[in-house]
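Chemist: Each chain is listed here by its residues.
Protein chains: 2
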Amino acid sequence: MRRTTLLLLGAAFAAGAIAYLTPGTGHADQEIYVTQIPDGYRDWKLVSVAHEAGNLNDIRAILANDIAIKAYREKKLPFPDGAIIARIAWKYVPSEENNKIFGRDQSFVAGDPPEWYLQFMVKDSKKYAATGGWGYAQFGPDEKPADAKKMATCYPCHEPIKARDFVFTRYAP
Amino acid sequence: MRRTTLLLLGAAFAAGAIAYLTPGTGHADQEIYVTQIPDGYRDWKLVSVAHEAGNLNDIRAILANDIAIKAYREKKLPFPDGAIIARIAWKYVPSEENNKIFGRDQSFVAGDPPEWYLQFMVKDSKKYAATGGWGYAQFGPDEKPADAKKMATCYPCHEPIKARDFVFTRYAP
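Sequence order for the protein chains is A and B. Numbering-wise (my numbering), the first sequence opens with residue 1 and increments by one. Numbering-wise (my numbering), the second sequence opens with residue 1001 and increments by one.
The following block holds chain A by itself, in its conformation from the complex (with noise of 0.2 Å):
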């Protein structure tokens, strides 16, 4: 797992250098994705929680970095370059436990890892100025990194919330 995601780096920072020396290939930085899992991330604060039904059937809690949380909770606009959000998702299922116990069917859980188990936007307003100013990532639960064609949905999905600098989530208090 390692060692592939140093070579994604790799092909990466390739890929960086060759659109450094092949001048007027233009979007370079839109080729480049965030291909590592920030580290800690799941030790980060809590911004909000939410479900989202139909294929991807999940439940989600996002996270943010401290730089991110700030920003949050100041209600500062665009976040500052060093921001990481997380968003981490479960499968979604009931729990039969809790149903049991409550007497009614109520109770939905978080399940296993789901296909994308993780998504981050890192935010560096010139790394990734062409996307906005954040890096994208998504991870399955093996930890490898969505391959260029999946992540090049990204950007466009985030572009029509753009007056909240591309992020969907809002601070739940």
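Read the hints as simulated data drawn from the structure, not as lab findings. None of the values given here were measured: they were computed from a predicted structure. Glycine is no exception: its CB is placed at the ideal position from the N, C-alpha and C atoms. Hints should not be assumed to be uniformly reliable.
Here are the computed lysine-lysine pairs in the DSSO-like style, where the Cα-Cα straight-line distance is at most 30 Å [what the hints assert, rightly or not]:
hint	chain 1	residue 1	chain 2	residue 2
1	A	K126	A	K75
2	A	K70	B	K1126
3	B	K1144	A	K91
4	B	K1144	A	K45
5	B	K1149	A	K70
6	B	K1070	B	K1126
7	B	K1100	A	K75
8	B	K1126	A	K76
9	B	K1091	A	K70
10	A	K75	B	K1144
11	B	K1162	B	K1126
12	A	K149	B	K1045
13	B	K1075	A	K144
14	B	K1076	A	K45
15	B	K1100	A	K100
16	A	K100	B	K1075
17	A	K45	B	K1091
18	A	K144	B	K1091
19	B	K1127	A	K75
20	B	K1045	A	K70
21	B	K1075	A	K75
22	A	K75	B	K1149
23	A	K162	B	K1144
24	B	K1045	A	K144
25	B	K1070	A	K70
26	B	K1075	B	K1162
27	A	K126	A	K45
28	B	K1076	A	K91
29	A	K45	B	K1045
30	B	K1070	A	K100
31	B	K1076	B	K1127
Here are a few chain A residues that face chain B, going by a calculated C-beta distance under 7 Å [unchecked claim]:
hint	residue
32	W90
33	V93
34	R104
Computed footprint of chain A on chain B, listed as stretches where at least three residues anywhere in the stretch have a Cβ under 8 Å from a Cβ of chain A [claimed, not checked]:
hint	segment
35	1046-1052
36	1114-1128
37	1135-1142
38	1152-1166
For chain A, the structure is supplied; the task is to place chain B on it using the hints.
Modeler: Only chain B this time, still in chain A's reference frame:
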């Protein structure tokens, strides 16, 4: 709000003192609930997330202080004294903004605080011996604690989960 908390704390201490002075009234500890919101709970680490449908109709995050998180991650039961688990709930609301962008009705997010916005379990195996070593707390959006009648429902509901030290929520990795 702060004055109310102090008054209620005062009342709780008074009740404790009366129980102490009148031996034989029994189960005095069982009457003592946590009536103050633990400091800094919103900064605690995430345990898991859940959705309660039906009458509750909320989406919730379960956070825990460092003592409780350590026990969770090390799978050590029972939780040690000093462990505190927090449950924050928000109204379960569809996100029209997200649904419009996603092109389908699938997104549910955290809305306003519901009737019982905050709950806590505070581990003190001596103080709360009569209720499995946990002191229970419940607060509305006004941060006022629930009355004793309401609080009396906490422990009986948690009792079936004795094998996991009375804690419903499992850690979501």
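Chemist: If a hint holds in the structure, say so; if it does not, say that too.
Modeler: Hint check:
Distance hint between A:K126 and A:K75 is fulfilled; the C-alpha atoms sit about 22 Å from each other, no more than 30 Å. Between A:K70 and B:K1126 the alpha-carbon distance is near 38 Å, which puts this suggested pair outside the 30 Å criterion. Proximity of B:K1144 to A:K91 is assessed by CA-CA distance (about 35 Å); at most 30 Å being required, the pair is judged violated. Straight-line distance between C-alpha atoms of B:K1144 and A:K45 comes to about 25 Å, which keeps the hinted pair within the 30 Å bound.
Of the supplied pair hints, the one linking B:K1149 and A:K70 is violated, its CA atoms being roughly 39 Å apart against a limit of 30 Å. Straight-line distance between C-alpha atoms of B:K1070 and B:K1126 comes to about 21 Å, which keeps the hinted pair within the 30 Å bound. At roughly 24 Å between alpha-carbon atoms, B:K1100 and A:K75 fall within 30 Å of each other, so this suggested pair holds. A hinted pair counts as satisfied when its Cα atoms are at most 30 Å apart, and B:K1126 with A:K76 does not qualify at roughly 45 Å.
For the hint linking B:K1091 to A:K70, the alpha-carbon distance of about 24 Å falls within 30 Å, and the restraint holds. Between A:K75 and B:K1144 the CA atoms are separated by roughly 27 Å; this keeps the pair inside 30 Å, and the hint holds. Annotation: proposed proximity of B:K1162 to B:K1126 holds, straight-line Cα distance about 17 Å (limit 30 Å). Of the supplied pair hints, the one linking A:K149 and B:K1045 is violated, its CA atoms being roughly 33 Å apart against a limit of 30 Å.
Between B:K1075 and A:K144 the CA atoms are separated by roughly 27 Å; this keeps the pair inside 30 Å, and the hint holds. Simply put, B:K1076 and A:K45 have alpha-carbon atoms about 23 Å apart, close enough for the 30 Å limit, and the pair holds. For a cut-off of 30 Å, the pair hint linking B:K1100 to A:K100 is broken: about 36 Å separates their Cα positions. Annotation: proposed proximity of A:K100 to B:K1075 holds, straight-line Cα distance about 24 Å (limit 30 Å).
A hinted pair counts as satisfied when its Cα atoms are at most 30 Å apart, and A:K45 with B:K1091 qualifies at roughly 20 Å. For the hint pairing A:K144 with B:K1091, the CA-to-CA distance comes to about 34 Å; that exceeds 30 Å, so the pair is violated. At most 30 Å may separate the alpha-carbon atoms for a hinted pair to count; B:K1127 and A:K75 exceed this at roughly 41 Å. Between B:K1045 and A:K70, the direct Cα distance comes to roughly 16 Å. Compliance with the 30 Å bound is thereby established for this hinted pair.
Taken as a hint, the B:K1075 and A:K75 pair is broken in the structure, with Cα atoms around 37 Å apart against an allowance of 30 Å. About 39 Å separates the Cα atoms of A:K75 and B:K1149, which puts this hinted pair outside 30 Å; it is violated. Using a Cα cut-off of 30 Å, the hinted pair A:K162 and B:K1144 is violated, with the two alpha carbons roughly 38 Å apart. Proximity of B:K1045 to A:K144 is assessed by CA-CA distance (about 25 Å); at most 30 Å being required, the pair is judged to hold.
At most 30 Å may separate the alpha-carbon atoms for a hinted pair to count; B:K1070 and A:K70 meet this at roughly 25 Å. In summary, the hint linking B:K1075 to B:K1162 is supported, as the alpha carbons are separated by about 15 Å, within the 30 Å threshold. With a C-alpha separation of about 26 Å, the suggested pair A:K126 and A:K45 falls inside the 30 Å cut-off, and the hint holds. For the hint pairing B:K1076 with A:K91, the CA-to-CA distance comes to about 25 Å; that is within 30 Å, so the pair holds.
Between the alpha carbons of A:K45 and B:K1045 the distance comes to roughly 6 Å, so the proposed pair stays at or under 30 Å and holds. At roughly 29 Å between alpha-carbon atoms, B:K1070 and A:K100 fall within 30 Å of each other, so this suggested pair holds. For the proposed pair B:K1076 and B:K1127, the alpha carbon gap of about 21 Å is at most 30 Å, so the pair holds. For A:W90, the shortest C-beta to C-beta distance to chain B is roughly 6 Å, which falls under 7 Å, so the interface hint holds.
At its closest, the beta carbon of A:V93 sits 10 Å from a beta carbon of chain B; the interface hint therefore is violated under the 7 Å criterion. At a threshold of 7 Å, the smallest CB-CB gap from A:R104 to chain B is about 6 Å, leaving the interface hint in force. With a threshold of 8 Å between beta carbons, the proposed coverage of the segment 1046-1052 of chain B by chain A holds, since 6 of its residues qualify and at least three are required. Using a Cβ-Cβ cut-off of 8 Å, 0 residues of the segment 1114-1128 of chain B lie near chain A, which falls short of the minimum of three, so the contact claim is violated.
Proximity of the segment 1135-1142 of chain B to chain A, defined as three or more residues with a beta carbon under 8 Å from a beta carbon of that chain, is not established by the 0 residues found. Using a Cβ-Cβ cut-off of 8 Å, 3 residues of the segment 1152-1166 of chain B lie near chain A, which meets the minimum of three, so the contact claim holds.
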